[in-house]
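Position chain B relative to chain A; hints supplied.
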Amino acid sequence: GAGVSQSPSNKVTEKGKDVELRCDPISGHTALYWYRQRLGQGLEFLIYFQGNSAPDKSGLPSDRFSAERTGESVSTLTIQRTQQEDSAVYLCASSLQGGGNYGYTFGSGTRLTVV
Amino acid sequence: GDSVTQMEGPVTLSEEAFLTINCTYTATGYPSLFWYVQYPGEGLQLLLKATKADDKGSNKGFEATYRKETTSFHLEKGSVQVSDSAVYFCALSGATNKLIFGTGTLLAIQP
Chain A
1 GAGVSQSPSN KVTEKGKDVE LRCDPISGHT ALYWYRQRLG QGLEFLIYFQ
51 GNSAPDKSGL PSDRFSAERT GESVSTLTIQ RTQQEDSAVY LCASSLQGGG
101 NYGYTFGSGT RLTVV
Chain B
1001 GDSVTQMEGP VTLSEEAFLT INCTYTATGY PSLFWYVQYP GEGLQLLLKA
1051 TKADDKGSNK GFEATYRKET TSFHLEKGSV QVSDSAVYFC ALSGATNKLI
1101 FGTGTLLAIQ P
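Protein sequences, first through last, are from chains A and B.
All residue numbers for the first sequence refer to the working numbering, where the first residue is 1 and numbers rise by one.
All residue numbers for the second sequence refer to the working numbering, where the first residue is 1001 and numbers rise by one.
Just chain B, same shape as in the assembly:
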């Protein structure tokens, strides 16, 4: 069945560092891909999405490109801030219309 694999955390970076969180997926057909973020003590929020191959989703300085050839949707940000500290979840929605999540990656940014 459909699945999402993302890099394990925690990921600890200094402020202004470059961020990459890897995400790969397995799905039949052409799923939609998402990154969700969960800030400490808050609910799950949609960060960005891409619905077809080569689409780039972007929001708050974060970007991810839907790569069909490598079945990947890696999350990147050029310069992270302390306020970006959160848990990041990669997810897909495929033929079953269910949102399937990765296990989450804890990101900690140090000043």
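So that you can see chain A by itself, here it is in the shape it has in the complex:
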């Protein structure tokens, strides 16, 4: 597609429930990133996929967080047993290849509220 698409745009969930967030990257982009932005704070790196390589999961904050990507297409970020501190905007970005010589395009994000 023309841009990075994320769904849902907003999600309200009860504490303890599982949630799944989806990201559709730009077609042909081999690199895909997930970030978390808490209210009034910067962007926190979560996970990075590059083609068929093993993902860089170094930013996932706990084992409640996991992400998958099918080939070079859709990615899902799953948060199990959600906690109130998980409330944030979750941003996805894609790039033609990893690295700074190629632009990173961000989606509009999913605003997650855990009540």
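The hints are simulated quantities; they were obtained by calculation from the structure and are not laboratory data.
Honestly, I wouldn't trust all of these hints.
[Said to hold, decoys possible] Partial pick of chain B residues on the chain A-facing surface, computed with a CB cut under 7 Å:
| id | residue |
| --- | --- |
| 1 | 1005 |
| 2 | 1043 |
| 3 | 1044 |
| 4 | 1048 |
| 5 | 1098 |
| 6 | 1101 |
| 7 | 1104 |
[Said to hold, decoys possible] Simulated restraints, written as ranges between beta carbons of each label pair:
| id | chain 1 | residue 1 | chain 2 | residue 2 | range |
| --- | --- | --- | --- | --- | --- |
| 8 | B | 1026 | A | 113 | 29 to 39 Å |
| 9 | A | 71 | B | 1018 | 45 to 55 Å |
| 10 | A | 40 | B | 1079 | 25 to 35 Å |
| 11 | A | 57 | B | 1010 | 31 to 41 Å |
| 12 | B | 1068 | A | 44 | 19 to 29 Å |
| 13 | B | 1029 | A | 53 | 18 to 28 Å |
| 14 | A | 71 | B | 1013 | 42 to 52 Å |
| 15 | B | 1013 | A | 113 | 41 to 51 Å |
| 16 | B | 1046 | A | 40 | 30 to 40 Å |
| 17 | B | 1046 | A | 7 | 16 to 26 Å |
| 18 | B | 1016 | A | 40 | 21 to 31 Å |
| 19 | A | 44 | B | 1029 | 16 to 26 Å |
| 20 | A | 7 | B | 1067 | 36 to 46 Å |
| 21 | B | 1076 | A | 7 | 36 to 46 Å |
Ideal placement from N, C-alpha and C gives every residue a C-beta, glycine not left out.
Coordinates of chain B only, in the frame set by chain A:
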């Protein structure tokens, strides 16, 4: 590991004032450097970038020069407008291919 430090906000200026938002970085090798902007209620947008030392990125009247000797990438604009009010993020992409962000600087321009 790689990191970015930018000046804390909020920064409040009058219209037509000169703007500088400081950004310094720590990285191995030669990272690419970026400024992203987030307008109220909108997503993150690339403002400008520089991929090697002494490069100058520019867009919408904003400029930033990649200074390897001072590991800096300060954002400047000669005359700000109310429409420039936003949160500005400095970022780098280094050997790990991850985009590492600073904490963001809120800029508020008063008419």
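Outcome of the hint check:
1. 1005: violated, 11 Å
2. 1043: Check passed: Cβ of residue 1043(B) comes within 4 Å of chain A, closer than 7 Å.
3. 1044: This interface hint holds because 4 Å falls under the 7 Å limit.
4. 1048: violated, 11 Å
5. 1098: Since the shortest Cβ distance to chain A is 6 Å, the answer is holds.
6. 1101: holds, 4 Å
7. 1104: holds, 5 Å
8. 1026(B) to 113(A): 29 to 39 Å: Given range 29 to 39 Å: holds, Cβ gap about 34 Å.
9. 71(A) to 1018(B): 45 to 55 Å: holds, 48 Å
10. 40(A) to 1079(B): 25 to 35 Å: Given range 25 to 35 Å: holds, Cβ gap about 28 Å.
11. 57(A) to 1010(B): 31 to 41 Å: The hinted range 31 to 41 Å holds for residue 57(A) and residue 1010(B), with Cβ atoms some 34 Å apart.
12. 1068(B) to 44(A): 19 to 29 Å: holds, 27 Å
13. 1029(B) to 53(A): 18 to 28 Å: holds, 20 Å
14. 71(A) to 1013(B): 42 to 52 Å: holds, 47 Å
15. 1013(B) to 113(A): 41 to 51 Å: violated, 33 Å
16. 1046(B) to 40(A): 30 to 40 Å: The hint (30 to 40 Å, Cβ to Cβ) is violated, given that residue 1046(B) and residue 40(A) are roughly 22 Å apart.
17. 1046(B) to 7(A): 16 to 26 Å: holds, 23 Å
18. 1016(B) to 40(A): 21 to 31 Å: holds, 28 Å
19. 44(A) to 1029(B): 16 to 26 Å: holds, 23 Å
20. 7(A) to 1067(B): 36 to 46 Å: About 41 Å separates the Cβ atoms of residue 7(A) and residue 1067(B), which means 36 to 46 Å holds.
21. 1076(B) to 7(A): 36 to 46 Å: The hinted range 36 to 46 Å holds for residue 1076(B) and residue 7(A), with Cβ atoms some 38 Å apart.
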